[in-house]
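Residue numbers (the numbering used here), protein chains in the order written: chain F, 1 to 82; chain E, 83 to 242; chain B, 243 to 1001.
Errors might be hidden in some of the hints.
[Claimed, not checked] Below, in silico cross-link-like pairs of lysine-lysine (DSSO-like), each with a Cα-Cα straight-line distance of 30 Å or less:
| no. | chain 1 | residue 1 | chain 2 | residue 2 |
| --- | --- | --- | --- | --- |
| 1 | F | Lys16 | B | Lys779 |
| 2 | B | Lys366 | E | Lys85 |
| 3 | B | Lys249 | E | Lys173 |
| 4 | B | Lys315 | B | Lys525 |
| 5 | F | Lys27 | B | Lys779 |
| 6 | B | Lys411 | F | Lys44 |
| 7 | B | Lys411 | E | Lys85 |
| 8 | F | Lys44 | B | Lys653 |
| 9 | F | Lys27 | B | Lys551 |
| 10 | B | Lys346 | F | Lys16 |
| 11 | F | Lys44 | B | Lys408 |
| 12 | E | Lys173 | B | Lys744 |
| 13 | B | Lys366 | B | Lys346 |
| 14 | B | Lys295 | B | Lys366 |
| 15 | B | Lys653 | F | Lys16 |
| 16 | B | Lys408 | F | Lys16 |
[To be verified] Listed next, the stretches of chain F that the computed footprint assigns to chain B, with coverage defined by at least 3 CB atoms under 8 Å from CB atoms of chain B:
| no. | stretch |
| --- | --- |
| 17 | 4–13 |
| 18 | 35–43 |
| 19 | 53–64 |
Calculated from the structure, these hints are not laboratory results.
Everything numeric in this text was worked out from a predicted model, so none of it was measured.
The beta carbon of each residue, even a glycine, is placed where N, CA and C say it ideally should be.
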Amino acid sequence: MARVILSRSFADLYAKGQVEHEVPGLKVRHLVRTLDERFPGIAKHLENGVAVAIDGVLHQNAWLEEVGLDSEVCFMPAIEGG
Amino acid sequence: MSKTHVTTTINGEPVEFLCDTSQTVLDVLRDQLGLTGSKEGCGSGDCGACSIIVDGRLVCGCLMLGAEAEGCRIETIEGMAAGDHLHPLQKRFVEMAALQCGICTPGFLVASKALLDRNPNPTETEVRYWLAGNLCRCTGYDKIIRAVMDVAAELRETAR
Amino acid sequence: MSARTYKWIGTRPNRPDGADKVTGRARFGADFNMPGQLVGKVLRSPHAHALIKSIDTSAAEKLAGVKAVVTAKDFPEQENITVPAGEMQVNLRDVTRNIMAREKVLYDGHAVAAVAATTEAVAKEALALIKVEYEILPHVIDVEAAMKDGAPILHDHLRTEGVEPKPTKATNIAKRIDFAKGDVAAGFRKAEVVVERKFTTQPVHQGYIEPHAALASASEDGQVQVWSTTQGHFQVRGFCSRLLNIETSQIRVTPSEIGGGFGGKTVVYLEPVAIRLSQKSGKPVKMVMTREEVFRASGPTSAGVVEVKIGATRDGRIVAAECMVALQAGAFPGSPVGPACMCSFACYDIDDIKVVGYDVVSNRPKVAAYRAPGAPISCWGVESAIDELAIELGMDPIELRLKNAAKQGTKTHYGPTFNRIGFVETLEAAKSSPHYQTPVKRGFHRGVAAGFWFNVGADSSAAAHVGEDGTVTVISGNPDIGGSRASLAMMAAEELGVDYEKVRPVIADTSSIGFNFVTGGSRVTFATGLAVVNAVKEVVRELKIRAAKIWEVEPEAVVWENGMAKPASTNVGEFEPLSLSQLAAMAGKTGGPINGHAQLNAQGAGPGFGVHIVDLAVDHDTGIVTIDRYTAVQDVGTAIHPSYVEGQMQGGAVQGIGWALNEEYIYNAKGKLDNPGFLDYRIPVASDLPMIETVIVEVPNPSHPYGVRGVGEVPIVPPMAAVGNAIARATGIRFLDLPMSPPRVSAAIDAARPKMAAE
Chain F
1 MARVILSRSF ADLYAKGQVE HEVPGLKVRH LVRTLDERFP GIAKHLENGV
51 AVAIDGVLHQ NAWLEEVGLD SEVCFMPAIE GG
Chain E
83 MSKTHVTTTI NGEPVEFLCD TSQTVLDVLR DQLGLTGSKE GCGSGDCGAC
133 SIIVDGRLVC GCLMLGAEAE GCRIETIEGM AAGDHLHPLQ KRFVEMAALQ
183 CGICTPGFLV ASKALLDRNP NPTETEVRYW LAGNLCRCTG YDKIIRAVMD
233 VAAELRETAR
Chain B
243 MSARTYKWIG TRPNRPDGAD KVTGRARFGA DFNMPGQLVG KVLRSPHAHA
293 LIKSIDTSAA EKLAGVKAVV TAKDFPEQEN ITVPAGEMQV NLRDVTRNIM
343 AREKVLYDGH AVAAVAATTE AVAKEALALI KVEYEILPHV IDVEAAMKDG
393 APILHDHLRT EGVEPKPTKA TNIAKRIDFA KGDVAAGFRK AEVVVERKFT
443 TQPVHQGYIE PHAALASASE DGQVQVWSTT QGHFQVRGFC SRLLNIETSQ
493 IRVTPSEIGG GFGGKTVVYL EPVAIRLSQK SGKPVKMVMT REEVFRASGP
543 TSAGVVEVKI GATRDGRIVA AECMVALQAG AFPGSPVGPA CMCSFACYDI
593 DDIKVVGYDV VSNRPKVAAY RAPGAPISCW GVESAIDELA IELGMDPIEL
643 RLKNAAKQGT KTHYGPTFNR IGFVETLEAA KSSPHYQTPV KRGFHRGVAA
693 GFWFNVGADS SAAAHVGEDG TVTVISGNPD IGGSRASLAM MAAEELGVDY
743 EKVRPVIADT SSIGFNFVTG GSRVTFATGL AVVNAVKEVV RELKIRAAKI
793 WEVEPEAVVW ENGMAKPAST NVGEFEPLSL SQLAAMAGKT GGPINGHAQL
843 NAQGAGPGFG VHIVDLAVDH DTGIVTIDRY TAVQDVGTAI HPSYVEGQMQ
893 GGAVQGIGWA LNEEYIYNAK GKLDNPGFLD YRIPVASDLP MIETVIVEVP
943 NPSHPYGVRG VGEVPIVPPM AAVGNAIARA TGIRFLDLPM SPPRVSAAID
993 AARPKMAAE
């Protein structure tokens, strides 16, 4: 089970305020799919304009990226930069 | 609207052109003569990207009318290298990374040459004040000042 | 520090575009021309906020020499949805209104109409003939005023996102975001010292010396060519495709050399307008902004309000931190409030943190990215408060930061746990720097501040082509702002084991290489560098196959070393090594041209940290601040070309010094920008500054083959607080509002005098 962490705003808006989630899945897309089953509608907010940090390593536009069994997976606003 | 006929010398070559009375030397150089090395950053004499040398004086090309160039001797960035030999300032700017984006570089080079032509031994403060009319947003000026100081020393050495 | 030894990485060769740029030969945005081209000019709003009742272009259209006139009617309406336009998320309804006002003008300088004419004089005359009837509306510039109930509303449809239940009333607050870690109330109960302050910043402009410029040529068969100065020609293509309903394959965008961007050239202003004018007139159209237009209508960054509260125990352990950041987005939603919130406390390992951000629209140009977007604003507040805490605790400011520094394993308030980062190493390097080790000169005072930026990866494509003589062309698709061609060529040379001079990097147009995300976020040397390395690896794989064919052995039996194919062991056989040029000469006989391509979404950008030190003096009569010494220390992962790494650090620091001491947008009572020129918007000049010393720290990023993190963003984050902290120590006054310009500094000193005398 990966430990998914949503930013406070994401949690409040789309996940009934729950920041941390234990989610099964081998890839980011699986985590999103499972979360969407628990919180219908959350998927579209987690798939666009979002950066994903897997064990502290920052990913932009992550979908197929693999997730370890004990991974920490954080969803946060995407970063553009100047 | 009748145009003004102007006879001038640019980078050692005799040049004639016709210009509107409202056109600046910079407009003429860039739009009519194809000498786009001089850049327009502001059009108001604040940034120095259009620096040229007119009869030995450092001038902002955007602040001088084309018609005023009658009989003048103009030097631009395009005339700075001697054939395929870069001027020492050009060479050191590249070697010392004194440019990033490069838009201000022609202006800095022309202004620096004007400085070294009249003061071969400037202090850092003198270089900084002489170049205070040339804006650079990329480098923080550090490497530009170092390159100019370095070339000044090099030219003094060769002059001896 | 890096343990590997390299031939090219870490050296300082001449840049490939050097000769062109010192001779005036390099072509920038305004240097492109086509036969028969027209001049395009834009009519801009003189009002900060007004309804457009009508636009009459008939007189302008009749003027001899005018070939086309466009208004918003010439651009298709767009849905109020956020879509990707080349990898960026944009609201198309807003973008089309920003390039050409529709129902309303929303800021002084907002485009209202545009003309294409045979000469600039005719174009200007035509603009004067366009009659626009406005109904002037009340306006609001300041971020706090815009957030108040009863403020003039910019968009009737806007409701605050991120608030439940969703508000029903129109507002200027486009979005609220929250980040939290632990229990901040409980954290503050442990605090023995609390610093609580409210800071503000004014809008500042990226200040690139080259104004925006674009040349567009639309042909009768629907194809479009664009030459423009941009940080991302694929983004230009994406935006124009969406805004004008043209398929991406029909648009070919060639980037010019770019005369500075700093984030401001990641969006479009002129390109769609030039295309539309070209379509209507049937001629190429060239548009170049004046400096005044650049200031009035192109992206500055936000002004902001930052409320910071930090609590610590007496021994210097920070136990709780709270921050509210409200940022101006300009006329349309989309300020960098997200990164501002995330960067705020990213430098520190604190158990309990709460950060709230607001994205607020007001009657100013829509903000564009500016170097580490958002971070300098929140960190101006946070790093000033940390300094005040250091003074309260009687601690050295670097020691206080070391005691609380984020490190590998630190969980951030925005979610992720840091992997390998180099903040502690950066602080230690600052502490042991020649500058910090030297006592401050009499009459001067010292300030220190830190900064953080994520750095960015994302999409890149690259190709490497081996010529018939064995030299190599490296093709990428990111405009080179500050020497990236050099760093890409160096990585290619290192990977191939050949001389740097044998590798020629070029930047291809949108039709000649695969997609690339913008040059920005400090991503090119990292992400495009990775693509180049992978493309070269493919070349090497192919070279080994060719050598194997020549020797009639298996490819696995060949190794590539120092630019030569060699037998992997003596078992393979006795073969003379084959050089790249030998293999290139044989290419036709062994399978044809030797090329490599790579495309990727680069993941694992490595966070960067910086610490700046400044010594300055304050003239108590004039309020003028004189900087005597300045040092920028930064973990860059690996410095590929140290000169350009130093250049980024120096340039970013000086932009920050300008932000700290002088730069600001000044609006008059009518909401009109009063200082749209370099005379009154004063960026630092050479005589304002000392040399900017640099200390490069190298804690390699494990996600990059050479350890690159990225460098350009971080150095603009610390300067404002570093300068403010030094001024606080020089004057005993904590400045809360930027810029700390001479009139403000002298006024504050005057105001404090009776108080100080009384004490």
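Here's how the hints hold up against the structure:
no., hint, in the structure
1, F:Lys16 to B:Lys779, "48 Å, violated"
2, B:Lys366 to E:Lys85, "19 Å, holds"
3, B:Lys249 to E:Lys173, "24 Å, holds"
4, B:Lys315 to B:Lys525, "20 Å, holds"
5, F:Lys27 to B:Lys779, "27 Å, holds"
6, B:Lys411 to F:Lys44, "25 Å, holds"
7, B:Lys411 to E:Lys85, "61 Å, violated"
8, F:Lys44 to B:Lys653, "26 Å, holds"
9, F:Lys27 to B:Lys551, "39 Å, violated"
10, B:Lys346 to F:Lys16, "39 Å, violated"
11, F:Lys44 to B:Lys408, "18 Å, holds"
12, E:Lys173 to B:Lys744, "20 Å, holds"
13, B:Lys366 to B:Lys346, "23 Å, holds"
14, B:Lys295 to B:Lys366, "23 Å, holds"
15, B:Lys653 to F:Lys16, "23 Å, holds"
16, B:Lys408 to F:Lys16, "15 Å, holds"
17, 4–13, "holds (count 7)"
18, 35–43, "violated (count 0)"
19, 53–64, "holds (count 9)"
Checked against the numbered hints given earlier, the structure breaks hints 1, 7, 9, 10, 18 and satisfies all the rest.
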